[in-house]
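Colleague: Chains as they are written, first to last, in this note's numbering: chain D, 1 to 355; chain A, 1 to 511.
Hint data in this document are derived by calculation from the structure and do not stem from the laboratory. On a predicted model such as this, the values are computed, not experimentally measured, just so you know. Don't take every hint at face value.
Dumping the calculated DSBU-like pairs for lysine-lysine here, alpha-carbon to alpha-carbon at most 30 Å [said to hold, decoys possible]: (1) LYS334/D x LYS68/A; (2) LYS286/D x LYS380/A; (3) LYS397/A x LYS387/A; (4) LYS430/A x LYS441/A; (5) LYS387/A x LYS430/A; (6) LYS334/D x LYS407/A; (7) LYS387/A x LYS286/D; (8) LYS68/A x LYS177/A; (9) LYS407/A x LYS380/A; (10) LYS286/D x LYS407/A; (11) LYS430/A x LYS397/A.
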Amino acid sequence: MKIKTDDGARPLLERLGDSMALGGSTTFLEVVQSLGLLTVIVICSIVLSFASPVFLTIINIENLLFTATIVAVVAVGQAFVILVAGIDLSVGAVLALSSVLAVGLSLHGGLPVPVAIAAALLTGGGIGLVNGLCATVLRIPPLIATLAMMSIARGAAFLYSGGRNIAPVPKVFIEVQAARIFGIPVVILFTLALALVAHFVLTRTSFGRSIYATGGNPVAARLAGIRTDRVTVIAFVISGLTAAIGGLMITARLEAGAATAAFGMELTVISAVVIGGVSLFGGEGKIVGVLLGVLLLGLVQNAVNLLNVPPNYDLVVSGVVIAAAAALDVARRKYVEAGLLRRTIIDKGESADGK
Amino acid sequence: MAQSMATVSDEFTPQPDQHSPAILASVSGVSKSFPGVVALDDVDFEVFSGEVNALVGENGAGKSTLIKLMAGIYSPDQGSIVVDDKELEASPSFAHRAGIATIHQDHNLVPGMSVAENIVLGRWPTRLGIISKSALLERSREALALVAPELSLDTLARRLSPAEGQLVEVARALAEKSRILIMDEPTTSLSGPEIDRLFGVIANLKRQGMGVVFVSHWLEEVFRIADRITVLRDGRLVGSAPAADLDQATVIKMMVGRNVRETVVPERSIGEPVLEVRGLSRSNALNSVSFNVRAGEIVTLAGLVGAGRTELANCIFGYSGYDSGEILINGKHLPKRDINAAIRMGLALIPEDRRGQGLVGQLSVAENVTLALFDQIAPKGVISFPKENRIVEDARKALSIRMPSSKSQVSTLSGGNQQKAIVARWLSRKPRLLILDEPTKGIDVGAKAEIGDIIVGLAENGVAILLISSELPEVVSFSDRVLVMRSGQIVGELDRSEKSPEGIMHYATTG
Numbered sequence: 001m002k003i004k005t006d007d008g009a010r011p012l013l014e015r016l017g018d019s020m021a022l023g024g025s026t027t028f029l030e031v032v033q034s035l036g037l038l039t040v041i042v043i044c045s046i047v048l049s050f051a052s053p054v055f056l057t058i059i060n061i062e063n064l065l066f067t068a069t070i071v072a073v074v075a076v077g078q079a080f081v082i083l084v085a086g087i088d089l090s091v092g093a094v095l096a097l098s099s100v101l102a103v104g105l106s107l108h109g110g111l112p113v114p115v116a117i118a119a120a121l122l123t124g125g126g127i128g129l130v131n132g133l134c135a136t137v138l139r140i141p142p143l144i145a146t147l148a149m150m151s152i153a154r155g156a157a158f159l160y161s162g163g164r165n166i167a168p169v170p171k172v173f174i175e176v177q178a179a180r181i182f183g184i185p186v187v188i189l190f191t192l193a194l195a196l197v198a199h200f201v202l203t204r205t206s207f208g209r210s211i212y213a214t215g216g217n218p219v220a221a222r223l224a225g226i227r228t229d230r231v232t233v234i235a236f237v238i239s240g241l242t243a244a245i246g247g248l249m250i251t252a253r254l255e256a257g258a259a260t261a262a263f264g265m266e267l268t269v270i271s272a273v274v275i276g277g278v279s280l281f282g283g284e285g286k287i288v289g290v291l292l293g294v295l296l297l298g299l300v301q302n303a304v305n306l307l308n309v310p311p312n313y314d315l316v317v318s319g320v321v322i323a324a325a326a327a328l329d330v331a332r333r334k335y336v337e338a339g340l341l342r343r344t345i346i347d348k349g350e351s352a353d354g355k
Numbered sequence: 001m002a003q004s005m006a007t008v009s010d011e012f013t014p015q016p017d018q019h020s021p022a023i024l025a026s027v028s029g030v031s032k033s034f035p036g037v038v039a040l041d042d043v044d045f046e047v048f049s050g051e052v053n054a055l056v057g058e059n060g061a062g063k064s065t066l067i068k069l070m071a072g073i074y075s076p077d078q079g080s081i082v083v084d085d086k087e088l089e090a091s092p093s094f095a096h097r098a099g100i101a102t103i104h105q106d107h108n109l110v111p112g113m114s115v116a117e118n119i120v121l122g123r124w125p126t127r128l129g130i131i132s133k134s135a136l137l138e139r140s141r142e143a144l145a146l147v148a149p150e151l152s153l154d155t156l157a158r159r160l161s162p163a164e165g166q167l168v169e170v171a172r173a174l175a176e177k178s179r180i181l182i183m184d185e186p187t188t189s190l191s192g193p194e195i196d197r198l199f200g201v202i203a204n205l206k207r208q209g210m211g212v213v214f215v216s217h218w219l220e221e222v223f224r225i226a227d228r229i230t231v232l233r234d235g236r237l238v239g240s241a242p243a244a245d246l247d248q249a250t251v252i253k254m255m256v257g258r259n260v261r262e263t264v265v266p267e268r269s270i271g272e273p274v275l276e277v278r279g280l281s282r283s284n285a286l287n288s289v290s291f292n293v294r295a296g297e298i299v300t301l302a303g304l305v306g307a308g309r310t311e312l313a314n315c316i317f318g319y320s321g322y323d324s325g326e327i328l329i330n331g332k333h334l335p336k337r338d339i340n341a342a343i344r345m346g347l348a349l350i351p352e353d354r355r356g357q358g359l360v361g362q363l364s365v366a367e368n369v370t371l372a373l374f375d376q377i378a379p380k381g382v383i384s385f386p387k388e389n390r391i392v393e394d395a396r397k398a399l400s401i402r403m404p405s406s407k408s409q410v411s412t413l414s415g416g417n418q419q420k421a422i423v424a425r426w427l428s429r430k431p432r433l434l435i436l437d438e439p440t441k442g443i444d445v446g447a448k449a450e451i452g453d454i455i456v457g458l459a460e461n462g463v464a465i466l467l468i469s470s471e472l473p474e475v476v477s478f479s480d481r482v483l484v485m486r487s488g489q490i491v492g493e494l495d496r497s498e499k500s501p502e503g504i505m506h507y508a509t510t511g
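With the sequences and hints as input, model every part of the structure.
Modeller: Structure representation (structure tokens):
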């Protein structure tokens, strides 16, 4: 029995109830809770390794991870917004705007490269700030506010670039893209580091707690003195910033500032976050899950390429996998919730009996 | 007194000079429990044709549960509900087909549909699957003519006043050919003339043989409209009798009389005023409310749901704004609508709706306890888990919170222990003024006593307590002073010597 109780006066039956409620079921539930997605990924990988001889090669896996990094970075930011029960549809457009600004400002604007990059990041953060203020001060539903922003930012990217790719990119983009530490691409390491920081912030800081509380129950959070509006705005700023970082990454990959970059990426990102177990209602979810969600989507894309699925089918296949993963996740949650409910009833049943 | 009252079944005799009322529905031996609370315990209740049976009782007496059972929303744990010799199944659509229409407190009209569409909602007359507009209008016109002929059938429901909306719901019940109409607090948002109108309609329905169940807090209204009055208390039937045989004082006694657990409130010194409220007004909620609470004093706001007590608490704590007036804490001005300032100045609020406003269900017990304590566990923003554990462990001991582990999801605890977790959150801040809004609602008897002891203990330590409670025996036994609110105003003040459940009920329900 894990509980330390100094209430020896409690009837034996009640204490027994506690230990039953706690016993093996908890740990098993927790196992199921954390599995799910990982199981799907492992199964997909096993199937793929038989289906394609190329899958398990280092080149392919590195390529898979490389592709996943951009989605991962943007998804980490998106997770903050979804955790506060918001949504950010503008990330794809912000990514493109950041891309054309970073290259354009240094190439045509005459700014030093670091300043151009900083300006791109500031723009992303600033757009996030505007999104956040629309959602809190103006009370525009985030879906609408960021939908409008998506259009504005994409339009701005086209206006600034005249619709043409801006190239060549400053040397630093090429260098970072190629850089490796201990043989591992820096871009992958950076993505992992960012996810680690996000994980730390969410689990170990008062701000992270405030994020969960704001998304879980905004009224309760407000009544506990948490400035929920401020927390929401910061979540949107983080999303804007990570989208801008994603813009720099895609610039390095494409070796150009492209206004057409990441078209529709917001949906991939949101899918990854939600598949990763972050509740669209807010207040629930982990960064680890988000990374797994990104990985699964990356895996599907990779499979489509490796198995030579005709190009017109790959969208359909992706969609089916997303739906299947979501359905599996719902089933898993139901199972876990039923377990929790059973425990609740045991717990409450004893007090209702007045024993 | 309760014993002398006969229940419906053995007392009822048809009166020869009237139509002979038939039993439309009979509820017998019904019990219903929710986690941590027995809402109804072996209750009998009958609805006769052509009669208004008024269901009265304090908040939490079981009125809502009973009507929800009759509306097919809940299923009884024990007992049966028989309509037309058929047992009622726990399904709202079954109840509708059985002829039971319920008008709930919040309106059930579809705002974007017309009056006509709402009246025939869900039973649109169709021909080959296509809604026949003319039949729809015809049918709804017939029903509306009986209750509110002046309303246009084309008006969208969202444009209706609450009173008109209610009449449309009555019309819907008529269109459904319902024989039992249940009305839950139908008059709360109506003006005097509108109430007269509604009562006229009810009288009309009675003449057509409909049985009406009328739930209300307002005894004056009850005596105006009811043929029979049924009193519930703590989920049990106290009695049911023809209204003509009762008077208000008797009904009040039946509503509140019970064994009062005397909480011994020790004599203690009462200090300087901590909270001073001066002329607080908020449109449609509060009307020039002034009072104070001193250090170590327990002041209770009594009154019925909707009297403005929660609004008052929210204004003081800064969750809601107000139009005029001033609030002082220890003589210092408390800024309007600023929860963080209120917390800094030593205020704490334990809200009425534990799940909706108190707790974040997805978080653990520990995380919920420390939700207002970031300055203690994370002065620089990074949480110290040892500090958090110490605070939670201290609270668990001090309040004897029973939980499997501090990491358990808070929503898995029983009501009483959830409430203690919220109390713990604020105790660690050592508040000067603690506002508790219905702290014992929906928790079992044992936990109620514990919460009571905690409140008294805090007052002994000099904390000013503002308690909102609808549980009169508690109100009476704990408090140093009772302020009775009605319609956003303080209508009565009773000190230690004067307070009694009957006195409070008198202020709250009449006058």
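Colleague: If a hint holds in the structure, say so; if it doesn't, say that too.
Modeller: Do the hints match the structure? See the list:
no., hint, verdict
1, LYS334/D x LYS68/A, "holds (27 Å)"
2, LYS286/D x LYS380/A, "holds (23 Å)"
3, LYS397/A x LYS387/A, "holds (16 Å)"
4, LYS430/A x LYS441/A, "holds (24 Å)"
5, LYS387/A x LYS430/A, "holds (17 Å)"
6, LYS334/D x LYS407/A, "holds (21 Å)"
7, LYS387/A x LYS286/D, "holds (24 Å)"
8, LYS68/A x LYS177/A, "holds (20 Å)"
9, LYS407/A x LYS380/A, "holds (23 Å)"
10, LYS286/D x LYS407/A, "holds (16 Å)"
11, LYS430/A x LYS397/A, "holds (16 Å)"
Checked against the numbered hints given earlier, this structure breaks none of them.
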